[in-house]
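*Asks:* Spelled out, the chains give:
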Amino acid sequence: MRLDGLSCSYRSDRRDLVVVFRDVSITLTPGRLLGVFGPNGCGKSSLLRTVLAAVPSEPVGWIPQEFQESLFPALSLNGNLALVVASDGTGRSDPKQPSGSVGTSPVERVRLALGIEIDLSSKPRACSIGMLQQAAILRALASRSRFLLADEPFSALDANVSQRIYRGMRSIVQTEQRSALIVSHDLLSLRAVCDEVLVIPGRPFSTTRRSGMAHAVIVPVHRPTGSSGADGDPEASFLHLAQNVLEST
Amino acid sequence: MSFPTPLIRRGGLWALGCLAALALWWISAKTNLITPLVLSSPEDVAKELLHGPKTVGQRHVFEEVRGTMGRMLAGWAATIGIGLVLGVLLGAMRKVETLAQGPLEFLRAVPPVLLFPLLAVVLDYRDAAYVWTIIVGCTPIMVLVVARGTAGGSRIRRAVLIAYKVRVWRRVLAALLEVGPYLFLGARLTASTALIIAVVSEMVIPTRDGIGIGSSVRDAGTAYDAPRVIAGIMVVGAVGVALNLVLNGLERVAGGTRSGADMIREA
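Line order of the protein sequences matches chains A and B. Residue numbers for the first sequence follow the numbering used here, so the first one is 1 and each next one is one higher. Residue numbers for the second sequence follow the numbering used here, so the first one is 1 and each next one is one higher.
Take the hints with a grain of salt, since some may be wrong.
Part of the chain B face toward chain A, derived, beta carbon under 10 Å [claimed, not checked]:
(1) 24
(2) 27
(3) 30
(4) 63
(5) 66
(6) 154
(7) 163
(8) 165
(9) 166
(10) 181
(11) 241
Since the hints were derived computationally from the structure, they do not count as laboratory data. Every residue, glycine too, gets a C-beta built ideally from N, C-alpha and C.
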């Protein structure tokens, strides 16, 4: 899906019009994960929210940056998942599977794929921040919506959990041909999970300066094929390319 | 031997406080610290409660309280229903809330008992007049509290429901979850207010059948029947405490998030 002409602006406290970006195009490809990277205040989250608003009328698996606030405190994590997963029309269990069998529900299946080991019967207030973020990721992927939009989805996860979730998320997006847009200020996380990364250069936008979105460049992520070192050091070359884009303005 | 749980410890302290107050009352009465015309002894009050009326034509205090509670509960239940619907509507529509805020604030500022004589005439001094006085007095409080809860609900959670295209009836359920703590807060605030209005309006104009703790206590006071006055006070106080405890328990079981007291502390 290609979204053209995306623009974002708002009124500042002094009623000045702040244009974050204008006429940006984004292509979300089934089975691929697109990362968005840039310095703080460059408009990454604004881009994600603009895409969220522009996606046609169908469910979107959204992991907000404010994932803690996105869960209903009166419901258990299970209740929070049930509120979304059973209601989007696509998140129900596979009817061909015998009912009650282990791993048949979308939540259980995604949970196993991501290696998430949190107690879903807990209420959010009894959970750590990391657990809440995992619940928000689980909710987005279990909803089985075609689009996955995630804003800093790994910010509260430790290295071990992150690694498991990178792999699980990639696998689900690829096998189920979903389109994913992941915003993060952590380039290494994006490199680990995405197929390509949109790097936004420049400093934070303001009333007088637009974000560097117009100069953003897509940097592909090459993964070692496993045969030999013929690809050189893909991580180093990726970081080098991204760094060049960042410093281009 | 295990240590008592915090709940038992709190309950024990609570009971100890009540016993201390009872002992203070008993000592004050026995030593005539306060004249028996005003403060009768716990024994006399207990006799009033256990043996009932001393004169012909009087009813038992419990019967008087039952009449008052019937009207209070009818008015209070209607307040919760009306307040929930209006509060959610007002909270969801900012312009309508602004439009209604002035009249609501005005009604909240008017002591409801001042409206009672008018309502009593309109409703021919029937029980409905007492019930409507409670509704008019308590609804503005309920509406304002629920509207605040609705308007102050999390934007992120609302956006999540929209992003995931959650069905309408589930969104309503989610809205009720958001409003839930405020509904309980409003219910608790209006419970005590409803009880006060019910009793005071009976003191202003007795009911048609004369049943009501307000008029009963007023008559007993005129006749210097201190045990009956204090028995009435004790029963109404006990009913108020019981109501508060029930609501508190329900709030914790149903909401599981924050109690009304926590929310007031946060505010």
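*Asks:* Of the numbered hints stated previously, which ones are contradicted by the structure, given in increasing order?
*Replies:* 1, 2, 3, 4, 5, 11
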